[in-house]
Structures are given as structure tokens and as C-alpha cells.
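From first to last, the protein sequence lines are chains H and E.
Numbering of the first sequence is given in the numbering used here, commencing with residue 1 and proceeding in unit increments.
Numbering of the second sequence is given in the numbering used here, commencing with residue 1 and proceeding in unit increments.
Misleading hints may appear alongside valid ones.
[As the list claims (entries may be wrong)] Output of the computed footprint for chain H on chain E, the stretches with three or more beta carbons under 8 Å from beta carbons of chain H:
| # | stretch |
| --- | --- |
| 1 | 186 to 199 |
| 2 | 238 to 249 |
| 3 | 348 to 358 |
Bear in mind the hints are in silico, worked out from the structure with no lab data behind them.
Each residue gets a CB set at the ideal place from its N, CA and C atoms; glycine is no exception.
Below, each chain spelled out in residue letters.
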Amino acid sequence: MQNKASWDWEPGSRVIADTRDCSGGAEWIEEPYVSPDGERVAAVACVGEAQFTLCANGQPWENVFDKIWYPRFSPDGRLTAIVQSDGEWTLAVDDAPWEQTFAYLWGTRFSRDGSIIAASIQQDGEYGLAVDGEPWEGLFENATDFALSDDGSAGAASVQVKSLGQADIATFQQGVYSIAVNGEAWDAVFVNAWNPSFDAAGKRVAAALRHSLYEYGVAVDGVPWKSRFGSVWEPVFNPATGEVNAPGRVQGKWGLAVDDQMAWPARYAQLWHVAFTPDGKTTAAIVAPEFGSFTVAVNDRPWEATFPVVTDLALAKNGRAACLGSDCNKNFAICVDGRTWSGRYDMAWTPVFSDDGANVAVLVEKQGKRTVVLNDKVYREWFDTAFPPVFSPDGGKVLIRGISGGKFMRIVVTPDAFHA
Amino acid sequence: MGIEQRRIDDAGLARGMAALTPEKIAKTFQALIAGECGARLRTYVETCMRCGMCGPACHYFLSHDGDPSYAPVGKVSETMWKLLKADGKVDPRVIGDCAQIAYTECNLCRRCMHYCPLGIDTAYIISVVRRLCHKLGVTPMYIQDTAHSHSATLNQMWVKDDEWTDSLQWQEDEARSEFPDLRIPLEMEGADFMYSVIAPEPKFRTQLIYQAAAIFHTAGCNWTMPGTPGWDNSNMAMFSGDAEIMGRVERYHFETAQRLRVKRIVMGECGHAFRAVYDVGNRWLGWKMHPVPVVHSIEFFWELLDQGKIRMASKYPGPVTIHDPCNVIRGRGLMDKLREVVNHICDGVVEMSPNREHNLCCCAGGGVINCGPPFKNVRIVGNKAKADQLKATGVQTCIAPCHNCHGGLEDIIHHYKLGMKLKFLGDIIYEHMEKPGAV
Ligand code: SF4
Ligand code: SF4
């Protein structure tokens, strides 16, 4: 991760680049992506028939490829993209393609600090993960649901460990799926094994399972829980206690199981997206106390404010919680600790808390223009496009990254730039 | 002729029946009725007068010269009524018969509901029978395999993660020889809509992706397609009775659209997928409505034509006839928009009779075509009525904006030697639109 403290937090606005600067010689420029610190803006540029490069702050990469997609900045500010030359795919990082190429590569993922970069690969019909350019030693007939641990030291995927014939329902029901960690599959096989996730240290892995067509469960490091559910959603580790939490369905209602015991009784019409504070003391989830009515429950206590749809649950370090409520993807509202802000938007992005949890900022869109809302107050300028806000380490300033008329602006503001 | 006289060998049904005991059947049935079936089923059981008015509503009944065992009420009495009367205490053979009826002799098309004086939804009752058969493991092999695929890959055809994006990029390449700056934008957050398709498109019918991209490109749409699973809007688990996997598939579909921050999902020309996304899967997950608006291609093409974003350079030489797919006509009421689009892009329409919300099903829907080759003839013979209807129009081209309908209609057109061409709306729009950006 870039050290946020070293970023330019001087209040003011700078034009970083004109996204059209790359267009000299380019047939077209694709949609822009911006670096976390707002110092760079990049886009794929088509520079000839089946010739593509990346252009950052008006400077094209030296390398030109037959295809480029999925340009993304890593949390440490490096610019990556999936590239193809002569029919072979790889990942390019800051204009340097990985040495090894693959029949296909997709799904770039980063460790939390961005120092490690991984991507899913297919080579000779076999599937796995490549980490910083090195593929797993063990590859599989198929692999999905890739995960990288927070520190990037380990990767996992749901893998197929036995072949299936055409419409081979018998073998399927005996179980052909498992979870592979760093290229090595668990001994146990299951009818389905989904959504592997790591603990905070990247040492243990939990996954959702289907033991038979009818019995769902959870496994931790290959060992299944005793509990069986009508259905489950992805398990996650509590970062402080290491307990595994998974939503489970019992007699048509959802609850939260923790380490093989029902901790939140099954009383919800839905329960998913479980999140924790770093101290592990607060567990929150998106829940539906009743059919058609969604909210957030913090430690099994649902808020009173409900919405037809709730998404984007975010938790602050100090236990505050925020989410988006919408009327089926319209009239987005921001709800913080159960209190709904007054603003309504055509679209909104995941709420962002300051490190101390005191402030919440959200990227929003209205009538095709985007801006940032801070604590229910709107920044004075609306942009053609904009990116999620970032707080300064002390939470007192907000970095706004927006593009208008092709110009990418990096703006640092204090709360007085926002108005009710 | 009862089901006993028309049993068909299917490896999935045979395997399922062999593993059953009467005790397991009774226990599973009783738990299902107590746990998952409420007033709706009870009301239907108690109010059905056995009047038989639903008979002529069903294409199977019509195609089998009024054989009462193919009447909706006949099929229900051979399955759910029989099970209820016996409180589930039946032998495995009965479950095999129930499965054959429920999976292959009813398309869940809901036509009969419109003919029943009490509005009884036979399709719902048959769905409950399917749910039971799923729970008992007695399901036709091919549809079961499809449900397995949904569980493992989140799409219905075992398409692997890389095959999906690779086929989109291939179609983008192909299309660039016609439109040099065409894009199939992948993972573009904040686009106006996410375009979702069913797995046969990347697998066998990539031309349809090309055509859609060409239309959106020409119309200047701001659109995207996902680069992750969640792209397939089809859902055979809904029809196999596996509600849990159905829910999983729909969760990923909607959450993919939510992650991409699109305003809505535009779906390709598929009917059952619309039902899964718009009506069934969303509700199983606890949403009253679809959490992201869902727009079927019929409606979306209507918008593009209405707003002048697509202009036709010529009309498709007609006359044509229109097949109304059950799930978007009876299920969503798109009959007028469908006609407006067809009249706009084709030279003359000869309506089938009956049509619109009273249309006869294609006999492929409801998962029946997904039960595979063993039951192909059931569909073909069971839809002679539709073949007669098509023939009576006297036209050469039938427009059917649904994948399943294409499958079903192709088979009857071939079998009954109707010599008709089948078209998607997208086929015609792509062929006959003005293409200012093409080389
Ligand atoms: S196929 Fe359609 S008309 Fe026939 S019984 Fe089933 S739902 Fe009713
Ligand atoms: S028309 Fe309705 S009431 Fe009459 S037999 Fe059919 S389902 Fe029963």
C-alpha cells in the first residue's frame, strides 16, 4: 500500500492530465482508471489495427500488445493490465509483462498492500493461480472462486479433482470438487466446494460446501463442520478471534453459524455479506428481517431503517457501520448506524470511513454526473466521472478524484467544501 | 392412455427410483408439504372442481386428440392429488411416473391458468411435484446435469471462466472487421446496463453475441458485460426443483450487476431466464422485486427503435408470423411491444391464432427441452397443435424472441416439414439496420 501520509494532502486542486492527451495517434481511448493517490490516470489506447497500449498521464507504454483488458492500479500504485501478444496472455505491470505467458489469464487480484499481484491462469487446459508471474505447481482440470490472502502469501481456489464424463451425474454426486491452497488440493472431495477464504494470517482456509444435493455445510482446512444446512453462503474468518462465520439456512430462515454453532438464530429471510471490525468485537451483516425488507444487523441487532435492497456494507474500525439502501437500484440512500441520510442518488458506491470512523464519504451519481458526499453534505462540483473518495490519515481531509471535460483533477478538500 | 403406457427410459429417473424406499418417499413428501407448501396448494386442492375446462388449454391435450391424461387436471391428479391422497405413501415407480409427467409433459407455461374458472395455477402444482422429485433424486439425467453445471460454474453449460471472456473477445475481434472500433466492454463499472445472455450463446451461438454488440455499438449504448461468473441469466435449477442452486445462480447474477454499478440488466432473447431473474429467483432470495431492473431484449429493441437510436435500412421481406414466448408474454405482458418491433422491422405480419397471452407454448420451455434426447419425441408429438398453428399462417418465417422456443419450434418445423425459417429479433435488426459505422 502506498503510504497515505506521504501523499500530497495540501488542500487545493491540480489538473493531473488531460485524458485526451493520449489520443494523438490513437484510434480510440477507453475508459479511464486512476491511481489510489490520484496522481495518475490511465486508459487503454488503440494505436492501430489490433494494436493496443496503456497510456498513463499522457505517456503511452513502450510495449504494444494485440489485446489489452482489465487495466487496474494495485493498492501500491503500480499499473497492471491483462495483455495478449501472438495469442499468448500475461499480466503487464508498469509496462513490464511477466516473463511467463499463458493460454489465458484473467482475474487480477492484489494483496492488501499491493506488493503481491496474482491472476487466474489456464495453460494446456489446466487451471490455477499465478502469483507475481509464477504459476502454481499443481494445476487442475477446472478452478473457480480464486482467493488471495490479505498478505498475498497464499492463494486458494475451488478446484475439480476428478474428471466428469458427458452428463455424468453419478460421478458428480459422489463429489469431484475440493479446495486447493497454493496448488495443493485438500484430501476431501465434495459435491461442491465454493468460496474459499483465508484467515487474517493467510494460514487457514474456510469454504462453503455441498455434501449432497441437499445438505450444505462448511469446511475449515479440509475438515467439515458437523452442522448441515439447507443452504450456506460464503464463510469468513473473524480477523481477531479466528472463528469461522457462515450464514446458514435452517427451515427456510437464515442465521449466522460461528465455529459450527448457530450464533445468530435462524430468523432472517436473508443474511449475507458478513463483516467484522479489526478487533473482532463487532460482526455485521446485510439481513432481511422480513421478506422484501433489508437492513444491516450489528451483532444480531437489525437496524430499524429498512429498504427493498441493501448493498455495500462497510464497517469502520471503531464499529460504526454504513450501507447503501435502494429502491431496486434507484433512489440510493446512504444509511449510517441505522440513520438514513437525506440525499437520494441515481447510483452510489461503497461508503468509505475515515480511519477513526468519525466521517463517512461516498461517491454518488445524479443525472449522469458524479461527486462525493461527506456526512450527508455534497461537494460543490459535479464531474463527468469520478472515483471513490479517500480520507487523509487523520480523517480531516478528503481526496476527490474526478474527470470533467477530459481533464483529470486531483482535489484535496476539507469538510467545509461540502454543503447540505 | 395413462402414464403407465408411455413410460420412457431415462438414466436419471431409473437411477433415482432405484435408490428410493417407500419410507423415504413418505417422509420427504410429508416434510415438503408441511415445510414448503402453504395455503396456496391447499386452496387449489380444495377448490378444483375437476371440471376439465383446463383441458383444451394445454397443447399436449390438444396434440393428443383430447386424451384426458394430458389435460392439466389429468396430470395433476396423476401426480399431486395421488400423492396427497396417499399422504406420500407410494412406491418408487409412482415417483418415476410423477417425474416423467412433471418434467416432460408440462412446460409450466401457465396457459391453463387462464382457462380455469378458478384461476388454478397448474404450473405451480407441477413445480411442487418437481421439487419433490428433486428432493427424492428422481430427475431426468440431462436436466440434472444442467443443474450440476449451474452449481459448479454458475452457468448451464459447464463454460469455464476463461472460455467466457475468451469467446467475447473473439466475437469482438470478428465484429471489428465490420465495425473497426467496436468494443464489447468488459467489467466497465458504471455503464448504463449489463448485458447478460444464456450459456448456449458463448458455447454454440456466438453470432448472437456479435449481433447484439453490433446493435449496441450502432445505437451508441454505454454497456458492459461481466468478466466473471454471474453472466449467465439462465436457470435450469429453477426447473429441476433445486431452489437452493437457483437462488445461488440469481444471487451472483444480481450481485454482478450491482458490483458493476449498472442501472439495469438487459437480457438476450430468452424467456425462461427472464422468469428466473424477474420473478422466481429474486423472490427466493428475499427480494420482493428484482433488485436491479431487468429488461428483456424485446423491450430494449423497442426502446432503441422508438428513440431512433437504431434505424432500419430495409425491412425483412415478409410476411412473418410471431411466436409469443410464454415467460415474457403471459409472464411480463410484452405482446404489444413485440408486435410493434416486428411491424417496424418486417414487411407484414400474419398472426397465429390464438396468440398473445393465449399463445400455445413451444413445448420446449419449463426445462422440457433440457431433459434431452430421451424426451425429444414427447415434445414433438406433444406439440402437433403448434405445428398446425404455424402451418395455418401460410408464411415462411416465424419470429421467436426466445432461445428455448427456437429449440422447440425448430424440432416441430423439421418434423412436420413446415419449411419455415426461424428468426430472433436480433437476427433481423442486425441484418437490416443502417450501419453508419460499418466498413
Ligand atoms: S403445459 Fe402449460 S397448459 Fe399444459 S398443463 Fe402445463 S402449464 Fe398447463
Ligand atoms: S379448469 Fe380449473 S377447476 Fe376445472 S379441472 Fe382444471 S384446474 Fe380444476
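For each hint, the structure was consulted:
no., hint, verdict
1, 186 to 199, "holds (count 4)"
2, 238 to 249, "holds (count 4)"
3, 348 to 358, "violated (count 0)"
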